[in-house]
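Asker: In case you want the letters, here they are:
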Amino acid sequence: MEKMLMVSSSPHVKAEHTTRKIMLDVVIALMPALIAGIYFFGVYVLFLTVVSVGCCVGFEWIWEKVFKRTITIGDLSAVVTGVLLAYNVPARAPVYIIVIGAFVSIILAKQVFGGIGQNFINPALAARAFLLAGYSTDMRSFPVPEQGRLLSSVDAVTGATPLELMKNGALDQLPSLTDAFLGNIGGCIGEVSALALLIGGIYLIIRKVITWHIPVCYIGSIFVLTTLLNGFDFYQSFYSLFLGGVMLGGFFMATDYTTTPMTIKGQIIFALGAGMITTLIRLFGGYPEGVSYSILIMNLVVPLIDKYVKVRRFGEVV
Amino acid sequence: MKGMTFKKGIHPTYHKEITSNVQIEVMLPGKEVVFPMSQHIGASCTPVVKKGDYMYVGDQIGIANGFVSANIHSSISGTVKVIEKRMTVKGVKETCVVVENDGLYAINPEKQIMPYNQEEKLTRDILIEYVKAAGIVGLGGATFPTHVKLSTPQDKKVEFILINGAECEPYLTSDERVMLERGEDVIEGVKLLLQVFKEARAIIGIEDNKIDAYKRMVTLAQDTPIEVKLLHTKYPQGSEKHLIEALTSRQVPSGKLPIEVGCMVHNIASVGAIYRAVIKGEPVISRIVTVSGKGVRRPCNLEVKIGTSIREVLEYAQVDWNQTVKIIAGGPMMGTALFDVDIPVTKGTSAILCLTKEETDCKPPSNCIRCGKCVAVCPMGLVPIHLQKSAIHGHYEVFLKQNGMDCIECGCCAYTCPAKRELVQAIRTAKAVIRAKQS
Ligand code: SF4
Ligand code: SF4
Chain A
181 MEKMLMVSSS PHVKAEHTTR KIMLDVVIAL MPALIAGIYF FGVYVLFLTV
231 VSVGCCVGFE WIWEKVFKRT ITIGDLSAVV TGVLLAYNVP ARAPVYIIVI
281 GAFVSIILAK QVFGGIGQNF INPALAARAF LLAGYSTDMR SFPVPEQGRL
331 LSSVDAVTGA TPLELMKNGA LDQLPSLTDA FLGNIGGCIG EVSALALLIG
381 GIYLIIRKVI TWHIPVCYIG SIFVLTTLLN GFDFYQSFYS LFLGGVMLGG
431 FFMATDYTTT PMTIKGQIIF ALGAGMITTL IRLFGGYPEG VSYSILIMNL
481 VVPLIDKYVK VRRFGEVV
Chain P
360 MKGMTFKKGI HPTYHKEITS NVQIEVMLPG KEVVFPMSQH IGASCTPVVK
410 KGDYMYVGDQ IGIANGFVSA NIHSSISGTV KVIEKRMTVK GVKETCVVVE
460 NDGLYAINPE KQIMPYNQEE KLTRDILIEY VKAAGIVGLG GATFPTHVKL
510 STPQDKKVEF ILINGAECEP YLTSDERVML ERGEDVIEGV KLLLQVFKEA
560 RAIIGIEDNK IDAYKRMVTL AQDTPIEVKL LHTKYPQGSE KHLIEALTSR
610 QVPSGKLPIE VGCMVHNIAS VGAIYRAVIK GEPVISRIVT VSGKGVRRPC
660 NLEVKIGTSI REVLEYAQVD WNQTVKIIAG GPMMGTALFD VDIPVTKGTS
710 AILCLTKEET DCKPPSNCIR CGKCVAVCPM GLVPIHLQKS AIHGHYEVFL
760 KQNGMDCIEC GCCAYTCPAK RELVQAIRTA KAVIRAKQS
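Just so you know, the sequences run in chain order A and P.
Oh and the first sequence: position 19 is 199 in the numbering used here, straight run, nothing missing.
Oh and the second sequence: position 268 is 627 in the numbering used here, straight run, nothing missing.
FYI, nobody ran anything at the bench for these hints, they're computed from the structure.
The reader is advised that the hints may include incorrect statements.
To be verified - Below, a list of computed lysine-lysine pairs in the DSSO-like style, where the Cα atoms sit at most 27 angstroms apart:
| id | chain 1 | residue 1 | chain 2 | residue 2 |
| --- | --- | --- | --- | --- |
| 1 | A | K487 | P | K470 |
| 2 | P | K790 | P | K366 |
| 3 | A | K388 | P | K367 |
| 4 | P | K515 | A | K445 |
| 5 | P | K574 | A | K194 |
| 6 | P | K390 | A | K487 |
| 7 | P | K367 | A | K248 |
As the list claims (entries may be wrong) - Covered by chain A, according to a simulated footprint, are these stretches of chain P (three or more residues, beta-carbon under 8 angstroms):
| id | region |
| --- | --- |
| 8 | 606–618 |
| 9 | 623–632 |
| 10 | 720–734 |
| 11 | 740–752 |
What you are looking at is a predicted structure, and each value in this text was computed from that prediction instead of being measured.
Glycine residues also receive a C-beta, built at the ideal position from the N, C-alpha and C atoms.
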């Protein structure tokens, strides 16, 4: 005889993808940049990343244990935050920076709002902004890359990032376009190799984790606006796309599901807005880098965008 | 050639290959055949027989109650054993006429429906009378009485008669087999419709995962005014509104019927039934049922007599009770999960699926990650996650403002949600509550 049959409301089949699988894809997409980071700055980069992931997952677990919530570390979203956080600090940042950053992103930016899906600003960027404000010395000393030397010397030379050079008008000291593209420049771990990030971004698009709209609109608007405001210096506009967090921001931060609009139309508005703010900060603001602030500012506008961008209802006469 | 289609929707895994090449077999029922008095959308029938009456095949058992209702006929010959409330696919007990099968399948020498005398001109009224008498309903699973659809208001012109061969639910192959093996009936049925609706264009829409059926229908439709169109496979193309959009690029406004945009949609099998009713005087007493899923050892397409026990059908297909965790009447996207199999096949039972654990694995829901996928797939242009929130919190006014009543319960949203949230499930409940309040 038959056993008890399962009864539930339709649909009785579900798509393959789960939150966990999507997050895993993001982690995979972030790997080329990690490899590039290790190549240019040594294994310390790997160490920092592992510590960061460990802290993020750890903080999430502890919070959920203490407040008797369902343990959600299996969804891997804390892993993604961990990797992104590590990518947002300089390659030789001290460990305590990472621990503080992990606390800010997981506890203050995410869990107090109710955990995954409930936060309104990007956890990793929140941490970055916090660290930049509170620990600016540590956050602003960028080692010069020592290509291929796995264990970099303790007293590695630090130098200005290309963005700082640009900002200060020291154009003659800028690295070559190829170096900037490959990542042979100073900067945060995950910001240096545009090529590696691009590979990861394309992977995400192929896997349908993200659509092309946000990266293309974001990066495109920076290019167009920089060109317009900078006296049609195409070379420099192009060059500036490979610097700072443009690629990381465009493919990995501005595409975070939770903190961006749900509709494609809304996402385009979001991306254009962020691109505009990035450019304005870069060209006229006090900071050399505008990516993270621009995305954070736009994060705050998301509820408004989602409220006013209407989905076209079936059968509606336009 | 890229087929026509509608906007949004999903591409589920179809699993149609399990039964798409299996020819229709006729399956005969056992000793007892049960006829629920409600096998359609609308009012239940009233039994016109009593205990001890002898029934021939095709004899009327239940008479339609009012306009939106459909007659029910006996699929076997035998004696009425009892009239009582029994469990049905709908999950509630309903009045059923139980007939003891004598196994003879004897046909009444005096037919109750006289075949149509083809010398007379076929008018709309005559057609509707036949369809009504034969108890024809939407055999795709919707079971809306066909004569109601044919009774369009006189001031509205029927520009398109669309025949739904999309069969967009995974696993289902019954319409596909009908087109391949009984396509002539379908074409003849459409011709009858065209005799009545002279100014209409008749289009048969078939999804491109049924290319053989498409080719077959193209061949059969040669030298007729009937057009056969290939559709790009996508769920829920078989939804009336979306089939209309796919084939005519028109969208039925919210809360309106297809006739608003000059369309009338009929299912493939229903059109075949129209032909058999008018020309042969046969009522709806059997239907093609796909029996599939990894939980059956002999997946098949069966011609089953209405009233046959689902248990008998499953045993015929050699169900593996150990592997099967869920049994569904209909397709996996919109069908009903059964907790009991001692219930009869009715006019709307397009399939019986025995799904194994791996086929219907259901993970627990987690937090919405705001990925927007449900919004991207909703073919009605709704925001399912917002509707779900309003539904769960009982904010029905907000639910109405968010156009929740437009939802066709296709399940695309819940299918696609990576957080496995029960979106359509909550929306469905809210709709039912609101409807109950309104009436
Ligand atoms: S909200 Fe309704 S119409 Fe939209 S996808 Fe979900 S079930 Fe289908
Ligand atoms: S698909 Fe699921 S997770 Fe994504 S927005 Fe809709 S409800 Fe949220």
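Asker: Indicate, hint by hint, whether the structure satisfies it.
Answerer: Checked hints:
1. A:K487 / P:K470: 63 angstroms, violated
2. P:K790 / P:K366: 24 angstroms, holds
3. A:K388 / P:K367: 15 angstroms, holds
4. P:K515 / A:K445: 37 angstroms, violated
5. P:K574 / A:K194: 32 angstroms, violated
6. P:K390 / A:K487: Since the Cα atoms of K390 (chain P) and K487 (chain A) sit roughly 61 angstroms apart, the hinted pair is violated (cutoff 27 angstroms).
7. P:K367 / A:K248: 40 angstroms, violated
8. 606–618: holds (count 5)
9. 623–632: Answer violated; 0 residues pass the 8 angstroms Cβ test.
10. 720–734: holds (count 11)
11. 740–752: Result for this restraint: holds, n = 4.
Violated hints, listed in ascending order, are 1, 4, 5, 6, 7, 9; each of the other numbered hints is respected by the structure.
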